[in-house]
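**Student:** The residues making up each chain are set out below.
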Amino acid sequence: MMKKLLSIGYVILVLAFIYIPIFLLIIYSFNEGKNIGVWEGFSFRWYERLDTVKDVVVNTVLLAVISATIATILGTLGAIGMFYSKGKFGKYVNVGSQIPVVNSEVVTGCALVMLLMLLGSSNRSIFGLYVGHIVLTAPFVVLSVIPKLKQMDSSLYEAALDLGDTPFQALWKVVIPQILPGVFTGFMLAITLSLDDYIITATLSPLGFDTISTAVYKSIALTTAQASKNVPVYRALTTIIFIITVVIVIVMNLKSNKKENSRK
Amino acid sequence: MAKQKIIELNGVYKEYDGTLAVENVNLYVRKGEFITFLGPSGCGKTTTLRMIAGFELPTAGQILLNGKDITHLPPHKRPVNTVFQRYALFPHLNVYENIAYGLKLKKLKVTYEDTLGNQIERIENYTKEEIDEKVKKALKMVDLEDFEKRSVTTLSGGQQQRIAIARAIVNEPEILLLDEPLGALDLKMRKDMQLELKEMHKKLGITFIYVTHDQEEALTMSDTVVVMKDGKIQQIGTPQDIYNEPINSFVADFIGESNIFSGTMVGEKKVRFINKVFDCVDDFEKNEKVDVVVRPEDVKIVKEEKGMVGGVISSCIFKGVHYQMTMMVGRSEVVIQSTKGYDVGEKVFIQIAPQDIHIMKKEFVSNVYDGYITKNNTVCFADGEFACDVTQLYEGSSLDEDGYLLLKSGEKIDLSGVDVKVEVGLKDIEIIDNDEDGNACGSIISIVYKGDHYQVIIRTDEDEEDFVCDTEYTWNEQDRVSVRIPKEKIRLTLKQEAKR
Amino acid sequence: MKGAKIIKKEPFITDNKGGGLLKFKRSQLCIPYGLFLSVFVIFPLLLIIYYAFTSKTGTFSLSNFTAFFTEPTNISTLIISIFVSFIVTVICLLISYPVAYILSRLKNSNLAFVLLLLFILPTWLNFVLRAMAMKELLSFIGIPLGSTASIIGLVYDFMPFMIMPLYSTLIKMDKSFEEAASDLGASKVKVFTSVTLPLSKPGIISGVTMVFLPVMSCYVITDTFSGSTGFSLIGKLIAKCFLGENGAPIQINEGAAISLIMLVIMVVTMLLTGGFKNSENARGTNL
Numbered sequence: 093m094m095k096k097l098l099s100i101g102y103v104i105l106v107l108a109f110i111y112i113p114i115f116l117l118i119i120y121s122f123n124e125g126k127n128i129g130v131w132e133g134f135s136f137r138w139y140e141r142l143d144t145v146k147d148v149v150v151n152t153v154l155l156a157v158i159s160a161t162i163a164t165i166l167g168t169l170g171a172i173g174m175f176y177s178k179g180k181f182g183k184y185v186n187v188g189s190q191i192p193v194v195n196s197e198v199v200t201g202c203a204l205v206m207l208l209m210l211l212g213s214s215n216r217s218i219f220g221l222y223v224g225h226i227v228l229t230a231p232f233v234v235l236s237v238i239p240k241l242k243q244m245d246s247s248l249y250e251a252a253l254d255l256g257d258t259p260f261q262a263l264w265k266v267v268i269p270q271i272l273p274g275v276f277t278g279f280m281l282a283i284t285l286s287l288d289d290y291i292i293t294a295t296l297s298p299l300g301f302d303t304i305s306t307a308v309y310k311s312i313a314l315t316t317a318q319a320s321k322n323v324p325v326y327r328a329l330t331t332i333i334f335i336i337t338v339v340i341v342i343v344m345n346l347k348s349n350k351k352e353n354s355r356k
Numbered sequence: 015m016a017k018q019k020i021i022e023l024n025g026v027y028k029e030y031d032g033t034l035a036v037e038n039v040n041l042y043v044r045k046g047e048f049i050t051f052l053g054p055s056g057c058g059k060t061t062t063l064r065m066i067a068g069f070e071l072p073t074a075g076q077i078l079l080n081g082k083d084i085t086h087l088p089p090h091k092r093p094v095n096t097v098f099q100r101y102a103l104f105p106h107l108n109v110y111e112n113i114a115y116g117l118k119l120k121k122l123k124v125t126y127e128d129t130l131g132n133q134i135e136r137i138e139n140y141t142k143e144e145i146d147e148k149v150k151k152a153l154k155m156v157d158l159e160d161f162e163k164r165s166v167t168t169l170s171g172g173q174q175q176r177i178a179i180a181r182a183i184v185n186e187p188e189i190l191l192l193d194e195p196l197g198a199l200d201l202k203m204r205k206d207m208q209l210e211l212k213e214m215h216k217k218l219g220i221t222f223i224y225v226t227h228d229q230e231e232a233l234t235m236s237d238t239v240v241v242m243k244d245g246k247i248q249q250i251g252t253p254q255d256i257y258n259e260p261i262n263s264f265v266a267d268f269i270g271e272s273n274i275f276s277g278t279m280v281g282e283k284k285v286r287f288i289n290k291v292f293d294c295v296d297d298f299e300k301n302e303k304v305d306v307v308v309r310p311e312d313v314k315i316v317k318e319e320k321g322m323v324g325g326v327i328s329s330c331i332f333k334g335v336h337y338q339m340t341m342m343v344g345r346s347e348v349v350i351q352s353t354k355g356y357d358v359g360e361k362v363f364i365q366i367a368p369q370d371i372h373i374m375k376k377e378f379v380s381n382v383y384d385g386y387i388t389k390n391n392t393v394c395f396a397d398g399e400f401a402c403d404v405t406q407l408y409e410g411s412s413l414d415e416d417g418y419l420l421l422k423s424g425e426k427i428d429l430s431g432v433d434v435k436v437e438v439g440l441k442d443i444e445i446i447d448n449d450e451d452g453n454a455c456g457s458i459i460s461i462v463y464k465g466d467h468y469q470v471i472i473r474t475d476e477d478e479e480d481f482v483c484d485t486e487y488t489w490n491e492q493d494r495v496s497v498r499i500p501k502e503k504i505r506l507t508l509k510q511e512a513k514r
Numbered sequence: 588m589k590g591a592k593i594i595k596k597e598p599f600i601t602d603n604k605g606g607g608l609l610k611f612k613r614s615q616l617c618i619p620y621g622l623f624l625s626v627f628v629i630f631p632l633l634l635i636i637y638y639a640f641t642s643k644t645g646t647f648s649l650s651n652f653t654a655f656f657t658e659p660t661n662i663s664t665l666i667i668s669i670f671v672s673f674i675v676t677v678i679c680l681l682i683s684y685p686v687a688y689i690l691s692r693l694k695n696s697n698l699a700f701v702l703l704l705l706f707i708l709p710t711w712l713n714f715v716l717r718a719m720a721m722k723e724l725l726s727f728i729g730i731p732l733g734s735t736a737s738i739i740g741l742v743y744d745f746m747p748f749m750i751m752p753l754y755s756t757l758i759k760m761d762k763s764f765e766e767a768a769s770d771l772g773a774s775k776v777k778v779f780t781s782v783t784l785p786l787s788k789p790g791i792i793s794g795v796t797m798v799f800l801p802v803m804s805c806y807v808i809t810d811t812f813s814g815s816t817g818f819s820l821i822g823k824l825i826a827k828c829f830l831g832e833n834g835a836p837i838q839i840n841e842g843a844a845i846s847l848i849m850l851v852i853m854v855v856t857m858l859l860t861g862g863f864k865n866s867e868n869a870r871g872t873n874l
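Residue numbers (the numbering used here), protein chains in the order written: chain A, 93 to 356; chain B, 15 to 514; chain C, 588 to 874.
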C-alpha cells in the first residue's frame, strides 16, 4: 500500500513538473497585465490581439500540411518499393532514408544550405524550406509504413493478381487499404514533426517568413522590448493550441474505443 | 481414355541466388485430373506451383497450357486460380466482396443479335445479378450460405478456408491450384476438408493441382502423385504405384512406414537380406547391391514351420487398429504391423511374399570426389584435407625423405597440385560428434534407417559436397558433425599425369 | 442495346500486353523517393565532406580543422556540449525510468493509457512554446538564467522522448521472466536488477539516442535560457557559420568542418550504444 502511494505520488510529481509551466502560461494568458507574477485582473485582451500573429499561424499550418502530404506520398511509395526490392537500389534508398533520422537537424539543414548555394539560388527560399521539411519528415512516414507492410500477408498481392488484377490495381485496391493505418500514422507524425521544427525552418526560411517556432523564438531570445511585446499573445496562442490538442486527443481516443467496443 | 494434357512443364529450372530450387522438372497434367506435388519442405513443390500460377518466372524451361506457351504470361491473364496457404482473404472486404472480387474484373465477349438479324459483339462485365447469382452458388458449394455480409476476420480457420476456395472456384478457372490449403487446420477439420475437396473436384470437373507435405493427404485425395525432393521429381504415379512400387529408398521412406534393408542379389529373382535369401519378383544383376523395401503390414507373423526367418520381439505399441512391433533378426530391426500383439521377448517367425519385396537400385555405392594432392602428400577434397597413401597412384612407387615419389623406374616426381579422383566407401567414413576433430565438417541433411544401420548424408559448409555414410549410430538432421576417413580407405586414381 | 437479344456469352481475355504505366514492378515505386534522397540528402552530405576538406579557394586543406581545434573557445564548447548532453540524458533517464516502470506495471490498463497520454500530450505542443512556458516559470520562481536554467529547460523539453521508448519496451516485456526469477528465489530488488533492467536495455538505448544527440545540436534552449552567460552548444557554432548572424560573413568551409565533427560524434555515439540497430524504432515510438 505504502509502495503504491509512493509510486502514485512520484508520477504526480513528474506530471506536475511537466504541466505547471503550461498551466502557469494558461492562467496568465487571461491576465490584464503583461508580466507573469503580477495579476492585474481577468481579461481577454491578449486573445483579442491574436490576429497580429495570424500570418505566422497560417504559415506554420500550410507548411506542415503541404510538406507532410508530399512526404507521405513520397515516403509511402518509397516504403512499398523498398520493401519489395531485392536489389541494391532498394538498400541504397533504405540507408539514405535513415540518414535524416539519425543525423542532427542542424547538419541536415546546413547541408541543404550548401546545396542551395551551389545551385546558385538564394540559400533562403520557400522551395528550400519545403524541401527541408520533406527531408525531415518523409523518413518517418517510411518508418510508419514499413511495419504495416511486414504485417501484411504477402500472398494478398498475389491473390489479387491471381483473381485478375493488374499490378497497379492490386496495389491500389489491396495493398494500399492494408497499409492505410500506417500511412495515416506517418502523415500525422510528419505534421507534428513539421509543426514542432525550429532548426530547419530557422536555417532555410526566407527572411520575413516566420512560423510559430521562429516567431516565438525571436520574442523570447531577444530581450528588447520590441521583440518581447508579443509574448503575452503567444501565451494566448499556447492556450488555444493546448485546448485544440486535448480535444483532438480525446476525440481520437473515443473513436478508437468505439471501434474496439464494436468489434467485441 | 487418354484425356488431353492441360498443363505441361518442359525442362523447368528455377534458381534463387545461385541455388536451384527446381531442377529439370518435366511433367504434364491431364484435364480434370487431381494431381498432388508431395515432398518435404524445401523440395521445390511450392515453387513449381507458383510458376504455374505465374508468380515466379522459370529461370529456364517452358510451361504450356493447352499446348500454348504461357511461360511469361502474367498471373492475371492465366485461367488459373489459387487457394493460398494462409488463405490471403482481403481483410478490408467482407465475404461477398472477397468472392465477387475476381468476377468484377472478368471481361465477357457478348454477341447480340438485333432485330435486323445483325450480329454485334460487345465486351462487357458481368452484371450485378450475374455476380450475385454466382457468389451465392459458390457460397452454397462450400456450405456457407448466410455468410455474405460477414467480415472475413471474424471467421474461423475452417470457414476462411472455405471462403478462399469459393473465391477461387467462382471464377471457373481451368485449373485450381491449392498450396497446402489445409496446413493451418486441426487434424479433424483437415480430414473432413480432404473429403470435401475430393467431392468438389468430382462435382466441378476441373483440374486440381495440390501441394502438400502430408503423404497421407496426397494418397487419399489424388489421382496422380508427384514426389519431389531437392527440386527434382523422384517419382510420378498413382497413389497405389507410389506406395507399392517406390522407385527409391527416399520415396519408400517418405511414403508410409517401411523397412529398408541393404541387400545383395544372389541369383535370378533371389535377394539376400537380414541374412536370409528371399524370392522376389524384380530382376537385377547378380551380386548387385540393392535396397530392399518391405512395408510393415506385408510382414506376416506365421507359425514356426511356415516362417522364413525367426526373431525376438523387442517392442510392441498398440496403435488403435493394429499393433506395431519391432523384431530383432540378428542385428537388423524389422518393423511389423499386425492385428495381434506379441509380448516383448517372445520369439516369432515371419513370412514375406515375393511380390511384397520391393527391390531398388542402391543410390549410393561409394562416394566419389574430385580432389588434388597437396605439398605434404595429403589429398584435398570436399572442404577438407585428408591423409592418404599416394603411392597407390603408381604401382610399386615409394616416397623418399623429401616427399618426392620414387617410381619403380627410379624416376622422381612431385605430386603437389595433381588432380585426382577420390573414392571412399560408405562404411569407411567415421562421423564425429564435434566440429573440430575431423578433417571436414558439415551438417547432417538426411538420415534413412536401413534395417541394421542408418544411411546419413553430411553436407559440407563451403562447397556443399555430400558425404554419404553408413553408420550404426543414430544422428539427428541438422546435427553439426565432422568426418574422419582412415588413410588406407581413401582410394585415389590419377586424372592427369604428374609433372616429371 | 434494346431489342437485341443475347445469343452468346463467352469469357474474354485481352491479348494486349497491358499499357505502359500500368506495367511496373513494385520495387520501382521507390525511384522517386530514391532520387529525392540522392539530391537532397546524399549529395549535400558529400558536399559537407568536400567543403570541410577545402579552403575558401577550393584547394585541399585541413585548415578548417586546425582552425577549429586551435581555438580554445571551440574546444570548450565541444567539451561542454558533450558534458551537458550527458548530464541531461542521465537526468532524463533517472526521472523517466521509474515513470515508465510504474506505468507499465499498472493493473488498470485504462488508467495507464490515460497517464501515458498525459505524458505525451505536451510533445504535441510546439517545442519553442514549451520552452517559453518553462522559461516563464523559471523567472516566476526566481531561478536566474544560465547553465542550470538551460539544463532544466533541456530536461523539460526532452523528457517525453525518453519515457516513450522505455515504456514501450517495458510493456512489451514478457512478465513471465520476472515471475520465473522470483520463483527461483530472487528478491524484488534482485528481480529488477538481474532481469527487468537488462531486458529493458533496448528501450534505454533508443531513449538515450533520442536525447543525447539532439540535445547537443539543440541551440534553441541554450540560446534562450543562458541569458547573458553566453553558455552555448556546438549546434550553435554550425548555425552561426551558415546563417551569418549579426552581419558576420557566411563561412561554408568552417561550418562544413564542424558539421563533419558532429557527424563523427554521432556515428561514435551510435556505435557505442548500438543505436544503429534501434534507429528504426527511435522516434517512431512516439505515437
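Some clues are possibly wrong.
Have a look at the derived ranges for each label pair, beta carbon to beta carbon [as the list claims (entries may be wrong)]: (1) B/Glu213 x C/Glu766: 54 to 60 Å; (2) A/Gly129 x C/Phe670: 29 to 35 Å; (3) A/Val338 x C/Thr646: 29 to 35 Å.
Here are the simulated lysine to aspartate or glutamate pairs, DMTMM-like style, with alpha carbons at most 20 Å apart [claimed, not checked]: (4) B/Lys118 x C/Glu766; (5) A/Lys183 x B/Asp31; (6) B/Lys142 x C/Glu765; (7) A/Lys265 x B/Glu127; (8) A/Lys95 x C/Glu765; (9) C/Lys592 x B/Glu143; (10) C/Lys596 x B/Glu127; (11) C/Lys595 x B/Glu147; (12) B/Lys91 x B/Asp31; (13) B/Lys121 x C/Glu765.
Which bits of chain A does chain C cover? Going by a derived footprint, with three or more residues having C-beta under 8 Å, they are [as the list claims (entries may be wrong)]: (14) 135–143; (15) 194–207; (16) 290–304.
Calculated from the structure, these hints are not laboratory results.
For each residue, glycine too, the CB sits at the ideal point set by N, CA and C.
**Student:** Hint by hint, note whether the structure agrees.
**Tutor:** Each hint, compared with the structure:
In this structure the supplied range 54 to 60 Å is violated for B/Glu213 paired with C/Glu766, their Cβ-Cβ distance being about 50 Å. Distance hint for A/Gly129 and C/Phe670: a CB-CB separation of about 33 Å, consistent with the stated range 29 to 35 Å. Range check, A/Val338 to C/Thr646: about 58 Å between beta-carbon atoms, so the 29 to 35 Å window is missed. A hinted pair counts as satisfied when its Cα atoms are at most 20 Å apart, and B/Lys118 with C/Glu766 does not qualify at roughly 55 Å.
Of the supplied pair hints, the one linking A/Lys183 and B/Asp31 holds, its CA atoms being roughly 17 Å apart against a limit of 20 Å. Of the supplied pair hints, the one linking B/Lys142 and C/Glu765 is violated, its CA atoms being roughly 59 Å apart against a limit of 20 Å. Simply put, A/Lys265 and B/Glu127 have alpha-carbon atoms about 36 Å apart, too far for the 20 Å limit, and the pair is violated. Annotation: proposed proximity of A/Lys95 to C/Glu765 holds, straight-line Cα distance about 18 Å (limit 20 Å).
For the hint linking C/Lys592 to B/Glu143, the alpha-carbon distance of about 17 Å falls within 20 Å, and the restraint holds. For the hint linking C/Lys596 to B/Glu127, the alpha-carbon distance of about 12 Å falls within 20 Å, and the restraint holds. In summary, the hint linking C/Lys595 to B/Glu147 is supported, as the alpha carbons are separated by about 19 Å, within the 20 Å threshold. A distance of roughly 28 Å separates the Cα atoms of B/Lys91 and B/Asp31; the hinted pair therefore is violated under the 20 Å criterion.
Restraint check for B/Lys121 and C/Glu765: not satisfied, since their Cα atoms lie roughly 61 Å apart, outside the 20 Å limit. With 0 residues bearing a CB less than 8 Å from a CB of chain C, the region 135–143 of chain A misses the requirement of three and the coverage assertion fails. Counting residues of the region 194–207 of chain A whose beta carbon lies closer than 8 Å to any beta carbon of chain C gives 14, which meets the minimum of three for the stated coverage. Taking a C-beta to C-beta cut-off of 8 Å, the region 290–304 of chain A contributes 5 residues in contact with chain C, enough for the three needed, and the coverage statement holds.
Taken one by one, the earlier hints fail for this structure at numbers 1, 3, 4, 6, 7, 12, 13 and 14, listed in ascending order.
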